[in-house]
Amino acid sequence: MALQGTCRDVGEIAIVDFSGRITLGEGSAMLRKTVRDLIEAGRRKILLNLADVDYIDSSGIGELVGLYTSARNASGELKLVYLTKRVHDLIQITRLFTVFDVQPDEAAAVRSFR
Amino acid sequence: MVPPTQRLEVTLNTELESVDLAENIIMRVAEAAGFSEDDVHKLGMAVREGVVNAYNYGNAQDRQKKILLTVEFEQDQMVVHIVDEGSGFDLEDVADPLAEENLLRTSGRGIFLMRAFTDDLTVRRGPTGGADLVMCKKLPDRRGGNCRF
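Residue numbers (my numbering), protein chains in the order written: chain V, 1 to 114; chain W, 1 to 149.
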């Protein structure tokens with residue numbers, strides 16, 4: 001399924017609920033555009049809900065890393081919540097748990113933003 | 001007597017759609033071979049990464065070039081070849097994506113994932129000088145040791 005994302009706000013935090021696959025092509029492009037638009041709109045607290053993302057490839061992982069850096073360079077924070085097992089395993093084996101702030105649930109994620 | 005090798009060969013266009021196609025083909029073949037659901041997923045992902053490499057780096061998105069995907073079944077292993085028409089590369093030249101200085105790179109994890117999801121990965125020189133990525137996976141209930149090819 002092509003990646004889809006819907007944005008909502010919880011206070012200052014922009015939460016994007018994604019569903020589908022984050023892979024080379026439309027998926028990773030959609031992810032990139034959605035988050036970059038938020039950063040360019042001045043949003044500094046961004047939470048990506050990946051509960052319905054059942055697949056990500058190395059291009060998708062690279063995209064997430066790039067967006068993490070973009071948010072940080074804009075003095076913002078980008079966090080992840082609700083990783084499926086496969087996405088969790090990929091983040092783990094690529095050592096990206098040392099990079100990403102992955103929260104166990106939305107409430108904890110909201111509290112964790114500075 | 002050595003049993004005959006079963007072989008499937010697919011010529012793919014150098015286009016993004018070929019990545020999904022190759023992944024789906026391998027997953028169906030792996031399912032038919034009796035691999036577990038988890039291994040089917042891993043094989044699909046490994047081939048996806050290999051075809052992405054062939055598309056992006058080997059063939060540099062040149063639509064005039066082709067990607068050759070071959071699956072062979074030997075006595076106890078499945079061997080996948082992904083051959084591009086580029087100029088080849090050495091695995092030793094691929095940076096380690098797990099190194100601290102590389103963690104924030106936005107690319108460079110494909111080879112690592114191919115290795116993680118298969119039993120063995122090597123790169124040979126293809127017939128036209130491009131890369132021949134060779135991945136193998138022991139067939140179900142026949143694990144242990146390196147692949148022979």
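Because the hints were derived from the structure by calculation, they are not lab data. Heads up, some of the hints might be wrong.
Computed footprint of chain W on chain V; a stretch qualifies when at least three of its residues, placed anywhere within it, have a C-beta under 8 Å from a C-beta of chain W [as the list claims (entries may be wrong)]:
#, region
1, 78-86
2, 104-113
Short, incomplete list of chain W residues facing chain V, as computed with Cβ under 7 Å [said to hold, decoys possible]:
#, residue
3, Ser18
4, Leu21
5, Arg48
6, Val52
7, Gly88
8, Leu91
9, Val94
10, Asp96
11, Thr106
12, Leu113
13, Arg115
14, Leu139
15, Pro140
Fair warning: this is a prediction, and the values are worked out from it, not measured in the lab. Virtual Cβ for every residue (Gly too), placed ideally from N, Cα, C.
Hint check results:
1. 78-86: violated (count 1)
2. 104-113: violated (count 0)
3. Ser18: This interface hint is violated because 11 Å lies over the 7 Å limit.
4. Leu21: With a closest approach of 13 Å, the Leu21 of chain W hint is violated.
5. Arg48: holds (6 Å)
6. Val52: holds (6 Å)
7. Gly88: violated (20 Å)
8. Leu91: Given a least distance of 16 Å, the restraint on Leu91 of chain W is violated.
9. Val94: violated (12 Å)
10. Asp96: Violated: closest Cβ of chain V sits about 10 Å from Asp96 of chain W, beyond 7 Å.
11. Thr106: holds (4 Å)
12. Leu113: This interface hint holds because 6 Å falls under the 7 Å limit.
13. Arg115: Status violated, d = 10 Å.
14. Leu139: violated (23 Å)
15. Pro140: violated (20 Å)
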